[in-house]
Amino acid sequence: MLIRQISVFLENKKGKFAEIARLLGNANINMKAFTVSETEDFGIARIIVERAQIDRAFNLIKANSYAVTMTQVVYLECGDYPGAMANVLERLAAADISVEYMYAFADSRSEFSRVIIRPDKTELANQIVQEI
Amino acid sequence: MRELQGEKLKKIVAHAYRNSPFYKKRFDEHGVHPDDIRTIDDIVKMPFTEKQDLRDNYPFGMICVPMNEILRLHASSGTTGKPIVVGYTAKDLDNWSEAVARCLTAFGLGRDDMIQISYGYGLFTGGLGAHDGVQKIGGTVIPTSSGNTRKQIQLMEDFGSTAVACTPSYALYMAEEIRKQGINIKSLKLKVGIFGAEPWTNAMRRELEEKLNIKAYDIYGLTEISGPGVGGECECQNGTHLWEDLYYPEIIDPVTLRAVETGQEGELVFTTLDKWGMPMIRYRTRDLTYLDYDKCECGRTAVRMGKILGRSDDMMIIRGVNVFPSQVESILLEFPEYEPYFLIEVGRINNTDTFDIQVEVKPEFYTDQVNELVRLRQRLISRIQSVIGIQPNIKIVQPNTIERSTGKAKRAIDYRKFN
Numbered sequence: 001m002l003i004r005q006i007s008v009f010l011e012n013k014k015g016k017f018a019e020i021a022r023l024l025g026n027a028n029i030n031m032k033a034f035t036v037s038e039t040e041d042f043g044i045a046r047i048i049v050e051r052a053q054i055d056r057a058f059n060l061i062k063a064n065s066y067a068v069t070m071t072q073v074v075y076l077e078c079g080d081y082p083g084a085m086a087n088v089l090e091r092l093a094a095a096d097i098s099v100e101y102m103y104a105f106a107d108s109r110s111e112f113s114r115v116i117i118r119p120d121k122t123e124l125a126n127q128i129v130q131e132i
Numbered sequence: 001m002r003e004l005q006g007e008k009l010k011k012i013v014a015h016a017y018r019n020s021p022f023y024k025k026r027f028d029e030h031g032v033h034p035d036d037i038r039t040i041d042d043i044v045k046m047p048f049t050e051k052q053d054l055r056d057n058y059p060f061g062m063i064c065v066p067m068n069e070i071l072r073l074h075a076s077s078g079t080t081g082k083p084i085v086v087g088y089t090a091k092d093l094d095n096w097s098e099a100v101a102r103c104l105t106a107f108g109l110g111r112d113d114m115i116q117i118s119y120g121y122g123l124f125t126g127g128l129g130a131h132d133g134v135q136k137i138g139g140t141v142i143p144t145s146s147g148n149t150r151k152q153i154q155l156m157e158d159f160g161s162t163a164v165a166c167t168p169s170y171a172l173y174m175a176e177e178i179r180k181q182g183i184n185i186k187s188l189k190l191k192v193g194i195f196g197a198e199p200w201t202n203a204m205r206r207e208l209e210e211k212l213n214i215k216a217y218d219i220y221g222l223t224e225i226s227g228p229g230v231g232g233e234c235e236c237q238n239g240t241h242l243w244e245d246l247y248y249p250e251i252i253d254p255v256t257l258r259a260v261e262t263g264q265e266g267e268l269v270f271t272t273l274d275k276w277g278m279p280m281i282r283y284r285t286r287d288l289t290y291l292d293y294d295k296c297e298c299g300r301t302a303v304r305m306g307k308i309l310g311r312s313d314d315m316m317i318i319r320g321v322n323v324f325p326s327q328v329e330s331i332l333l334e335f336p337e338y339e340p341y342f343l344i345e346v347g348r349i350n351n352t353d354t355f356d357i358q359v360e361v362k363p364e365f366y367t368d369q370v371n372e373l374v375r376l377r378q379r380l381i382s383r384i385q386s387v388i389g390i391q392p393n394i395k396i397v398q399p400n401t402i403e404r405s406t407g408k409a410k411r412a413i414d415y416r417k418f419n
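Chain order of the listed sequences is E and F. Position 123 of the first sequence, counting from 1, maps to 123 under the numbering used here, and the rest follow consecutively. Position 294 of the second sequence, counting from 1, maps to 294 under the numbering used here, and the rest follow consecutively.
Isolated chain F (complex conformation) (with noise of 0.2 Å):
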């Protein structure tokens, strides 16, 4: 396998190296060029690649192909506005495809099975991921996208959906929706539940299980490594096996950028290994894990990732959305009227995230017109869920209340439970 990881990394490298801008000028800055790479434990000479990078070159710039190779654009939901953008050679959506097919078959999915595709369809690389594996494996795709509960679990009993792959908090949902429906759910094919995107605990799981009667799987992923996929369970359970001949993974501290011992924690670096339209060398993805190489007992020698202990940055995956603090402050910037303070309260209803944000009107645009309030409240709901994508409940407070940025004001309580 390294060998095999090697020739990969010396071949990516090479590629990136002649035909993206970005990545010369970053390894020449760095001092690093490609004839340095012979093995991959090289690897670590390379610079690392960051979210920003990402940004500062939207939409095309990190795309190291002539754009008519690119079969596929996905993106994501970017800070300000500006979401980041991925590209896909054929190549890289067969490689693609190749990963999700790895994680149905480890889920005990294949040819027999149908498999309704409940993640949203479009930019989100859910939808579309999950459908070109599901076709890799030669099952069938009922692709329903997100929404619409009730003619999902129509479509689940008329169909004898045999998997479903949505959010863990959308299935949640669906769940209870069948069950006010009346529905036994012995009477649904339904057998495996094919669920990412956002972080979920084993309490979830089991609560999954029983109310859907299924095996509930985790599968993980990130656009800018290539979507859905990545990695995914297998029938022990014990940890999230990632396609490193696909995607060579790395950890290291996060205020070093040295690898740390291996099975210790720390943040999760990827390098697609066989991605031409937007390589990503060294990927810092912000998640903090660890690795563990021991051979696991379904008989896969992928190497396995633990659970997902938290973030290097205070990003937060709320309703399936990829949100940071620092989009809050930058909108709240844009109003006059809004003090730079707020407090981010997240928790969990029903199953569903609640996203309640904390302002300050600054004092001489208090008024005693209700009316003018709300329209100043409205005004910032609106323009936060365009720019994040989901709709905030904003508290306006008093003057004062919020904790002034003294170096490390605490912006965000996240109230749900993940361990």
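Next comes chain E alone, as it looks inside the complex (with noise of 0.2 Å):
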């Protein structure tokens, strides 16, 4: 399934993540998941929330003057079992698609593990891990 995702740029400044989650709490904005990519000068956070947030979460970190784009991933639940990843990526590099990051996320109440996946052709990648 393709979602959105909010990433937002973070200046290399302590405290930083922690004013965006808290603009968002604040706001009673859940973050489903979400994932730090650091430099040594400055990170992106990437934050997933649930459809009906999204804009709402959008806008107000926005308006609050952070850099803040909007991505379209692909999400999938994998399943909790050895090599359940290796066949999804397997079939990913088979078609020629590069993953330029993921990560994932469990949750309890589930018997899959939640993977975001940013691949360099979306479509195409949403399409083949449909099919698995």
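Possibly wrong hints are sitting among the right ones.
[To be verified] Derived, one-sided and incomplete: chain F residues facing chain E with beta-carbon distance under 8 Å:
1. V361
2. P363
3. T367
4. V370
5. L373
6. R377
7. Q378
8. V397
9. Q398
10. T401
[Claimed, not checked] From the derived model, a few chain E residues whose C-beta atoms are all more than 10 Å from chain F:
11. L2
12. F17
13. I29
14. M31
15. R46
16. D55
17. A67
18. Y81
19. P82
20. N87
21. A95
22. S110
23. E131
These are computed hints drawn from the structure, not numbers from a lab. Beta carbons are placed, not taken as given, at the ideal position from N, Cα and C, and that holds for glycine.
Dock chain one against chain two, each of which comes alone in its own frame, and use the hints as you go.
Spelled out as structure tokens, the structure:
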């Protein structure tokens, strides 16, 4: 499934991600998943929220002078057993799709692991994971 | 002295008028003719020359002799990639080395000294300027140029250098290296430091004198006027003597452009009285200082300049390199991805200048790809390094966090303490 992800540019200063988290928290928006990539000089926080709340979250962050972008990413529920992820990734590689980044998060109420993939060919990757 | 200065001024103004289309046009526009100059006091009738004039006439537009009379060219970094260029005749080089020689003599150096020149050799005037001055006094030149600190220290030990010429910040760095190597400073023969090309404080002087077991002297100069040696301290270290038979100094109010009262602070202006390849008539240095005409306790009558108190423009000297905020601005304007707003922050850590620049990426160019932002940042670093000559640390900040130019936005903060 294709879903939208919010990416926020973080300056290399203490407490930057805390500011974003607080902003969303105060607006009663729950982060379902996130990951932070960092370099020596800056970071980028990638955040998933409930579909119904994403536009509100995006506008809220933007209105507070953060650099924020919206990206389409592939969401999949991957079986929680050995080799499940390998199956997915092999299929993508076979279709000449590169993964720019990906991250996973667990959900205790489900038998699946939830995985976010940012591939170079989004539509094609989405098609492939749906066939699995 | 004033008589000599007047005679020299008449000749150099006539030379400039006759041989330079630039000066002829400038004097004509100003309604002044060389015949109007009779004494040194008439200098105020002449128009000023500015750094921009040198840039506009890049490379050789201000040279007043046939190029085959120019023996050497030097250049210093410019604001938009173009450096300023200066050319010297045989006589100019001789006068320049004379000026440096006077400084070295005032520092107590002579023919028995081995002087290590750790200023960069090349287009920069520091290396070759000091080199010629040492030869003039009959001393021994050790032309190490800058960098390769380990080797500098080894030669200092092996050759027994008695003096070292470099920027004061590099001298502190060398001192630190000497300490790290566990060398007893008393075992070196070093006795004098010839320091210039960047502002330094009395605290730095004390630190250098203690760590290197030397007497540290200031040597002043600027490329446009000839290079290092326009002036230097004497043993009294109560101001910098300016060799006013060669370089005539004035202090003006940078706003009204009129002379200030003797002893008052203002902008330093030089006229080169005996420089033929590229004379500078009333060149505005933008350095703020004052002049003291009282006779010095050392016996020299040459006028003394006080500490440089600042700049009448926004130039900064970072790691010995002249940096104008406008350079950063023009570079940012070359990049569609960046906003034209920035904040330069200069500091000093372990005796090395830090050079940070905060910039903003335009909202539409932010991406969630880390690599793209890293590349964008690296492109800006490379471009600034190639234009200005030193590497900045670029800090990308959030949109709308840098103060927008509302007339006089603060575009640079200098955390270094010089006073």
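Each hint tested on the structure:
1. V361: Interface hint status for F/V361: holds (7 Å vs cutoff 8 Å).
2. P363: holds, 6 Å
3. T367: holds, 6 Å
4. V370: With Cβ-Cβ at 5 Å, under 8 Å, it holds.
5. L373: holds, 7 Å
6. R377: Since the shortest Cβ distance to chain E is 7 Å, the answer is holds.
7. Q378: Since chain E brings no Cβ nearer than about 10 Å to F/Q378, farther than 8 Å, the hint is violated.
8. V397: Nearest chain E Cβ about 5 Å off; hint holds.
9. Q398: F/Q398 check passes; min Cβ-Cβ to chain E is 6 Å, inside 8 Å.
10. T401: Constraint on F/T401 satisfied, holds at 7 Å.
11. L2: Its Cβ never comes within 10 Å of chain F, the nearest being 15 Å, so this holds.
12. F17: holds, 13 Å
13. I29: At about 19 Å from chain F, E/I29 clears the 10 Å cut-off, so the statement holds.
14. M31: Non-interface label stands for E/M31: nearest chain F Cβ at 16 Å, farther than 10 Å.
15. R46: E/R46 not clear of chain F: closest Cβ-Cβ about 6 Å, inside 10 Å.
16. D55: Check passes; 17 Å lies beyond 10 Å.
17. A67: Not fine: 4 Å to the nearest Cβ puts E/A67 too close to chain F.
18. Y81: holds, 31 Å
19. P82: The claim holds: E/P82 sits with its nearest Cβ about 30 Å from chain F, beyond 10 Å.
20. N87: E/N87 is indeed farther than 10 Å from all Cβ atoms of chain F, at 27 Å.
21. A95: holds, 21 Å
22. S110: holds, 26 Å
23. E131: Non-interface label stands for E/E131: nearest chain F Cβ at 27 Å, farther than 10 Å.
Consistency note: the structure conflicts with the earlier hints numbered 7, 15 and 17.
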